[in-house]
Amino acid sequence: MATCRDPRLDCQGLLEGRTMRMIISLILRQSIHPFHQRPTALSMAQVIKVTTTKPLPPGAETVAKGGKEFFQIKRAGKTIYCELTECKTKYRIESRKWYAQYRDATGRIKRKPAFTDKGASSKLAQELEERAMRRKMGLPGSAECIFEEPVDGLLDRFEKFCDLRTIPSITAIRR
26 MATCRDPRLD
36 CQGLLEGRTM
46 RMIISLILRQ
56 SIHPFHQRPT
66 ALSMAQVIKV
76 TTTKPLPPGA
86 ETVAKGGKEF
96 FQIKRAGKTI
106 YCELTECKTK
116 YRIESRKWYA
126 QYRDATGRIK
136 RKPAFTDKGA
146 SSKLAQELEE
156 RAMRRKMGLP
166 GSAECIFEEP
176 VDGLLDRFEK
186 FCDLRTIPSI
196 TAIRR
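Using the working numbering, you'd call the opening residue of the sequence shown number 26 and step up by one each time.
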C-alpha cells in the first residue's frame, strides 16, 4: 500500500496497487500532454499520391503477375502496370503529382495538389502547415503577408492593439 502525497491529487489515504498505477499514468499523461491536449491523428503535413479508378478501355489486354491481374498502360514512354478491381471492368492508377495533406487553422484536413517532385511537394506541405499554425495562433499567414500590406494598414492595426496613452508618439509616426 502507498500513501498519495501528490499535491495535484485531492486524496488523503492509502491506495491499492492498481489505483496507484492508474493515478501515476494519469499524472504522466498530463505532464507529457499539457492542458489535456492529445496528439491528433494527423499532426504533421503529409505528401500522398491519390489513387483513382478508371474504366477499362474496350479490347484491353490484361497481364497476370503474382496471382493478380494488371492492366498495362504507357505513360510518358514508360510502361505502368495498374491493378484491376474485383469486378475486372476497372483499374486503379496513381496520380502523376503528389498532394499535400495538412490540417488548417480550424482543424479540418485539407488536400492541395502539389508537384511531381516529392521533395518540392513535402516542402510545400510544410509551408502550408506552418501558415495554418500561424493563423491558428492569430498571426498573419507568413512574413510576406506583412510586407504586402500598406504601412497605413499596419499602423491602424498597431493603434488597435496599443493604448495611445502609453505610446504618445503614434501621431508623430503617422506624419
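The set of hints was computed from the structure by calculation and includes no laboratory data. One thing to keep in mind: the hints can contain errors.
In silico PhoX-like pairs for lysine-lysine, Cα to Cα no more than 20 Å straight-line [to be verified]:
1. Lys137 with Lys148
2. Lys122 with Lys103
3. Lys161 with Lys137
4. Lys74 with Lys122
5. Lys93 with Lys79
6. Lys90 with Lys143
7. Lys161 with Lys122
8. Lys161 with Lys135
9. Lys93 with Lys113
10. Lys103 with Lys143
11. Lys79 with Lys135
12. Lys74 with Lys161
13. Lys143 with Lys74
14. Lys148 with Lys79
15. Lys122 with Lys135
16. Lys135 with Lys115
17. Lys113 with Lys148
18. Lys143 with Lys115
19. Lys122 with Lys99
Note that this is a predicted model, so its numbers are computed, not measured.
What hints, given by number in increasing order, does this structure fail?
6, 7, 11, 12, 14, 16, 17 and 18
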